[in-house]
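Trainee: Here is what each chain is made of, one letter per residue.
Number of protein chains: 2
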Amino acid sequence: MKHQAPFSEDDLIATFFAPLAGEAGLRLRDDAALMQPPPGRELVLTKDLLVAGVHFFSDDPPGAIARKALRVNLSDLAAKAAEPVGFLLGLALPADWTAQWLAAFAAGLGEDAANYRCPLLGGDTVKTPGPLTISVTAIGAVEAHKMVPRDGVRAGDRIYVTGTIGDAALGLKLRQGATADQDWIGALSDADAGFLRDRYLLPQPRLALRGALKGFAHAAMDVSDGLAGDLGKMLRLAGMTAAIELARIPLSGAARRALQTAPRLIEAICSGGDDYEILCAVPPAKAASFEAAAAAAGIGVSLLGAAAPGEGPPTFIDAGGVAIQMARTSFQHF
Amino acid sequence: MKHQAPFSEDDLIATFFAPLAGEAGLRLRDDAALMQPPPGRELVLTKDLLVAGVHFFSDDPPGAIARKALRVNLSDLAAKAAEPVGFLLGLALPADWTAQWLAAFAAGLGEDAANYRCPLLGGDTVKTPGPLTISVTAIGAVEAHKMVPRDGVRAGDRIYVTGTIGDAALGLKLRQGATADQDWIGALSDADAGFLRDRYLLPQPRLALRGALKGFAHAAMDVSDGLAGDLGKMLRLAGMTAAIELARIPLSGAARRALQTAPRLIEAICSGGDDYEILCAVPPAKAASFEAAAAAAGIGVSLLGAAAPGEGPPTFIDAGGVAIQMARTSFQHF
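Those protein sequence lines, which keep their order, are chains A and B.
Count along the first sequence starting at 1, add 40, and that's the number in the numbering used here.
Count along the second sequence starting at 1, add 40, and that's the number in the numbering used here.
Worth flagging that the hints you see were computed from the coordinates, not collected in a lab.
Here the structure is a predicted model, which is why all the values come from computation and not from measurement.
There may be inaccurate statements among the hints.
A pair holds if it fits inside one copy or across any two, identical chains being indistinguishable in the list.
Said to hold, decoys possible - Once the Cα atoms are required to be at most 27 angstroms apart in a straight line, the calculated DSS-like pairs of lysine-lysine come out as: (1) K213 - K167; (2) K167 - K273; (3) K213 - K273; (4) K254 - K186; (5) K273 - K326; (6) K273 - K186; (7) K273 - K254; (8) K186 - K326.
I would like the entire structure built from these sequences, with the hints used as guidance.
Mentor: Structural data, given as structure tokens:
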């Protein structure tokens with residue numbers, strides 16, 4: 041159903057978004073949200089923009105688009121060991137939006153806002169002659185001095201990553217369906233293909249890792265632009281580098297099977313982006329405690345290697361002990 | 041200079057935006073900002089999206105585009121009586137961006153961030169196949185229970201507005217230069233034309249009114265979508281209406297002269313949007329104190345009328361005592 045009568049911005053907000061508003065959102069009837077910061081906490085603020093055709097497909101399910109927009113921000117909060125407090129939503133809608141599309145978008149967003157206890161606080165809705173563009177600003181809270189920074193890696197720190205790497209990059213290739221990828225795509229089971237597509241569509245923010253990060257990590261960031269590039273960023277800020285054995289990179293069964301068919305996929309797996317896993321650096325003396333805390337929280341973590349003082353990007357070492365060469369190490373925004 | 045070598049997102053942030061970062065922005069080296077809320081204050085959060093071709097012209101000076109994006113948010117904070125704390129910037133850049141354009145954008149933004157003591161805390165920069173899109177989330181602080189709501193108008197409250205109304209709407213018409221507008225455009229002096237263009241280009245957030253609002257106003261909002269529509273919104277939330285004499289609407293000399301040439305402009309003046317003045321409701325017993333406080337702060341305020349219980353939008357009464365009919369009362373987002 042394409043809407044016929046003009047929807048005013050107020051109608052649109054009252055119909056689709058006011059039901060998602062938290063107390064601080066003032067029923068979205070004001071221009072602003074009012075928030076009482078949790079006592080004794082510091083606030084962590086993060087903002088990600090998502091553009092149709094760049095960060096998602098415009099024909100992805102609207103609820104999944106909404107959830108991804110929120111979740112990529114929650115992933116940033118998770119990496120800082122911050123608890124979600126709420127979010128603001130900026131929505132630039134192209135002219136062909138429909139009430140049905142927006143209702144599904146709001147329903148997906150509302151489910152995640154409830155599940156992650158991260159209510160909508162406010163925002164802005166405008167029209168655009170361009171693609172659908174979504175801007176989420178998420179607010180988190182963390183005990184004073186407990187935010188885990190990106191730049192805190194020290195020499196000898198163990199580098200860990202959560203979950204599995206590369207699934208979303210392969211899921212994106214599946215969506216794109218290039219001729220060059222038909223060899224491994226054709227060999228995938230339906231279950232594997234579904235799993236990889238879903239990993240691209242719907243990130244899983246690792247909020248349950250917060251306690252382990254706060255307790256034991258020197259540094260953390262989420263892997264959004266590719267493991268190789270993001271690890272390089274985190275290490276470079278501290279004047280560190282690392283040599284990572286490829287065999288240590290945690291792979292899902294689906295990714296492992298795709299890689300068996302097409303070994304060249306190792307580069308996409310290491311550099312493809314959209315993982316939304318957490319990379320962190322833990323001092324050796326606390327590694328066992330970190331692993332135990334992560335296990336207790338139900339988050340799988342894998343040891344990739346150790347940080348060492350040095351220049352240059354981390355190297356990735358194959359089974360023969362040779363560093364692989366990558367054409368690019370991360371998703372290039374520009 | 042069009043950039044030739046690819047700029048990574050990190051280079052771009054380090055070059056153009058890190059110099060604007062406040063302490064909480066962590067030199068923009070993290071994915072998130074860390075903020076210690078001012079003790080005893082509540083936080084006011086607001087977010088506005090601006091799209092090239094909708095909210096500004098893509099060939100406006102880049103510094104002015106940046107300043108407008110920040111100032112429309114500061115205007116929302118001003119209306120809530122909140123002091124700016126900082127902002128996050130989301131920037132979706134089309135493929136043809138140049139380093140020169142971005143340097144000018146960042147310079148304008150930095151000037152305003154410094155002048156308004158509202159440092160950059162963080163954000164996100166992405167590419168878009170569509171028009172330049174800017175998302176600003178501004179954070180303000182206000183003493184507990186002192187935020188001025190939009191929905192607090194009471195019967196008998198005096199309705200005030202700051203500054204002058206309609207200048208930006210006429211400035212936009214000047215920029216558009218439609219044939220139908222040539223009568224009054226041709227009759228304008230260069231000085232008047234320059235003034236009106238500037239009022240469209242560069243809003244003046246009325247932050248100096250904060251004390252007067254906190255002290256004396258029941259309700260406030262900024263006028264961004266047109267006086268008639270925005271006043272209607274504020275009154276409707278409280279079950280109020282009002283009859284406003286057109287003669288009470290504050291006009292600049294330039295707007296007055298344009299209106300003399302083309303009396304039909306009264307509708308654009310009342311409904312055109314982009315004023316970024318503040319509408320507020322003040323109880324009669326405090327009207328004199330409010331006026332004195334505004335004058336002491338150097339902000340001109342004009343009494344428009346009084347709120348009365350009732351349904352329906354406010355009416356605007358001409359010199360003959362007749363309510364004028366408007367085809368539309370505000371900028372229509374959809």
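Trainee: Quick one: which hint numbers does this structure break? Sort them smallest to largest.
Mentor: Those not satisfied: there are none.
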